[in-house]
Amino acid sequence: MKPWEDVIPSKSVMGAQAGPPAAGETAGPAADRAEDRDLVRLAQGGDQAAFRRLVERHGGRAHALALRILRSASDAEEVAQDAFVRAWRALPGFRGDAAFGSWLYRIVARRAFDRAAVLKGRRTRETDVEAAEELAAAASGPDPEAGERARRLERLLAELPEVPRAVVTLYYFEDRSVEDVAKTMRMPVNTVKTHLHRARAALRGAWMREDGTP
Amino acid sequence: MNCHDVDRWLDDRSPDDERTAMLMHVRICARCSAALGAMDALESALTAAPAPPRAFTERVMARVAETAQMRATVPVLEVLPLLRAFPWWARLALEPAALLAAVLAAVLVWRGDALFTLARVGALQLGAWLAQISTGTAAVVAPVNPLALALTPTVLACVALAVAPLVFMGSRLLADWSATMVGRHARPL
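These protein sequence lines are chains A and B, in that order. Using the working numbering, read the first sequence as starting at 1 and increasing by one per residue. Using the working numbering, read the second sequence as starting at 1 and increasing by one per residue.
Simulated from the structure, these hints should not be mistaken for lab results. Be careful, since some hints might not be right.
[To be verified] Subject to a maximum C-alpha distance of 25 Å in a straight line, what follows is the list of computed SDA-like cross-link-like pairs (lysine to any residue):
(1) A:K193 to B:E18
(2) A:K120 to B:D40
(3) A:K120 to A:E77
(4) A:K193 to B:T20
(5) A:K193 to B:M70
(6) A:K120 to A:R186
(7) A:K183 to B:D12
(8) A:K193 to B:D12
(9) A:K183 to A:R33
(10) A:K183 to B:T47
(11) A:K193 to B:G37
(12) A:K193 to B:D5
(13) A:K193 to B:T47
(14) A:K183 to B:M70
(15) A:K193 to B:D17
(16) A:K183 to B:D5
(17) A:K193 to B:D7
(18) A:K193 to B:D11
[Unchecked claim] Among the chain A residues that face chain B by a calculated CB cut under 10 Å, a handful are:
(19) L42
(20) Q44
(21) R52
(22) V55
(23) L67
(24) E77
(25) F84
(26) L91
(27) P92
(28) A199
(29) W207
(30) E210
Glycine residues also receive a C-beta, built at the ideal position from the N, C-alpha and C atoms.
Construct the complete structure from the given sequences, taking the supplied hints into account.
Shown next as C-alpha cells:
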C-alpha cells in the first residue's frame with residue numbers, strides 16, 4: 001500500500017476505473033456499447049423486444065436526466081417517454097455516429113429544455129422536493145447510505161441553474177467525456193468545462209459545509 | 001501543492017501528472033482530505049444508475065407498439081446496392097452524367113445537322129428580338145417557325161433521349177435529399 005492510500009476513499013474519484021457502470025450493467029462501458037449496438041441493429045429492423053431491452057438499460061438515466069432538468073416527476077416521465085418513442089421512430093435513420101445512450105440523452109435533454117421553457121415560472125419549491133425524493137429513492141436501492149447520499153446530492157443539485165445541472169448529470173452518465181457532453185448540449189467544449197468546474201466546485205463546497213468542514 | 005491547488009485539481013479534473021503531488025498534500029491536510037472525501041461521495045452519487053419509475057418500460061413499450069418507425073431510405077436507394085455487383089465501367093456507364101454525355105454525343109453524330117439548324121434559327125430569333133427591344137425597329141429575319149423544326153419526330157426523339165438521363169439524375173438527387181432529411185431528423189431531434 002502506498003503511503004497516501006490510507007487517506008484515499010476506497011472508491012476514489014481519482015481511480016482510473018471510477019467511471020460509471022454504463023447503462024446500469026456490471027460489464028465495462030465498451031461491452032455495454034457493443035451490446036447497445038447489437039440491440040440497436042435489431043431494433044432498427046423493427047424488433048420491439050430489442051428496443052425494450054434498450055429502454056430497460058437506459059430508462060433510469062433518461063428519466064433521471066429529465067427529472068434533474070425539469071424538477072417535476074410527471075413532466076419528467078412524459079419527456080422521457082416521448083424521447084423513447086421518438087428514438088423508436090427515428091431509429092432506422094440512426095447511423096451510430098454516437099453511442100445510443102448519447103443520442104438518446106440528447107433527445108431527452110432537448111425535450112426537457114423545451115418543456116422547461118414552457119413551464120418556466122410554474123415550478124414551486126414542492127416540485128423540487130418531490131423531484132429530489134423521487135430521484136433519491138430511484139438511486140438508492142436497498143442501501144440506506146446510498147439513499148442518504150442521493151438525497152443530499154439532489155438537494156444540492158436543486159440549487160444549481162438548469163444548464164450546469166444538466167451538464168454535470170450528463171458528464172457522469174456519458175462515461176465522463178466532455179466531448180460527448182458538448183455534442184449532446186451543442187456547446188463548445190470549453191463552455192462545458194466551465195459549467196463542470198463551477199458545478200463541481202459549488203456541489204463540493206456545499207457538501208463540505210454540510211459536513212462542517214470549512 | 002497547497003489547498004487551493006487541490007480544490008482546482010478536484011474541480012477541473014486536472015491531469016494525472018499532478019496527482020501524486022495532490023495526494024501527498026491530502027495526506028497531511030485534514031481539510032483537503034475532507035474535500036477529497038466529499039468529491040468521492042458526490043461522484044459516487046452522481047454515477048449511481050437510478051431505476052426508472054415503476055412500470056416505466058411497460059408504458060413506453062405500449063406507446064412504441066402503436067408507433068410506426070420512419071423509413072431511413074427511400075425505395076430507389078434499396079435498388080442501388082445491386083449496382084455494386086457490376087464492374088466499375090458498367091457502374092460508370094450507368095452514372096447519369098455519363099449517360100447524358102453519351103446520349104448527346106450520339107445525337108450530335110446521328111442528327112447533328114438538325115440540331116445545328118434548330119440552334120441557328122433559335123439564335124437568329126433571339127438576335128432579332130434583342131435588336132427590336134434595343135432599337136425599336138423590327139429586324140428582317142427569315143420567317144421560320146422554330147416549333148415546326150422542333151416538332152419533327154427525329155428532333156423529338158433526340159430531345160427525349162437527352163432528357164431521360166436528366167430526369168433520372170433529378171430523381172436520384174431527390175432520393176438522396178430525402179434520405180438525408182430522414183437521417184437528419186433521425187439524429188439530433
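Checklist entry - Quick one, are K193 of chain A and D17 of chain B close enough, alpha carbons at most 25 Å? => result holds, 19 Å
Next on the checklist: Please verify whether K193 of chain A and D7 of chain B have alpha carbons no more than 25 Å apart.
Outcome noted: holds, 15 Å
Checklist entry - Regarding the pair K193 of chain A and E18 of chain B, is the alpha-carbon distance no greater than 25 Å? => result Given pair K193 of chain A, E18 of chain B holds - Cα atoms ~19 Å apart, limit 25 Å.
Next on the checklist: Between the alpha carbons of K183 of chain A and D5 of chain B, is the straight-line distance 25 Å or under?
Outcome noted: Roughly 30 Å separates the two Cα atoms, so the pair is violated.
Checklist entry - Keeping to a limit of 25 Å between CA atoms, is the pair of K193 of chain A and G37 of chain B held or broken? => result Holds: K193 of chain A and G37 of chain B sit about 22 Å apart, inside 25 Å.
Checklist entry - Hey, K193 of chain A versus T20 of chain B, does the alpha-carbon distance stay inside 25 Å? => result Holds: K193 of chain A and T20 of chain B sit about 23 Å apart, inside 25 Å.
Next on the checklist: Hint check: K193 of chain A vs D5 of chain B, CA-CA at most 25 Å. Holds or violated?
Outcome noted: Roughly 17 Å between the alpha carbons, so the hint for K193 of chain A and D5 of chain B holds.
Checklist entry - With 10 Å as the cut and Cβ atoms as the points, is E210 of chain A at the interface with chain B? => result holds, 9 Å
Item to check | When the least beta-carbon distance from L42 of chain A to chain B is tested against 10 Å, hint result | outcome: violated, 12 Å
Checklist entry - Can the hint on P92 of chain A be confirmed by a CB-to-CB distance to chain B that is less than 10 Å? => result holds, 4 Å
Item to check | Distance restraint between K193 of chain A and D11 of chain B, which requires alpha-carbon spacing of 25 Å or less | outcome: With a Cα-Cα distance of about 10 Å, the restraint between K193 of chain A and D11 of chain B holds, given a limit of 25 Å.
Checklist entry - Does the structure keep K120 of chain A and R186 of chain A at a Cα separation of 25 Å or less? => result holds, 21 Å
Hint compliance for this structure: hints 2, 5, 16, 19 are not met, and every other hint is.
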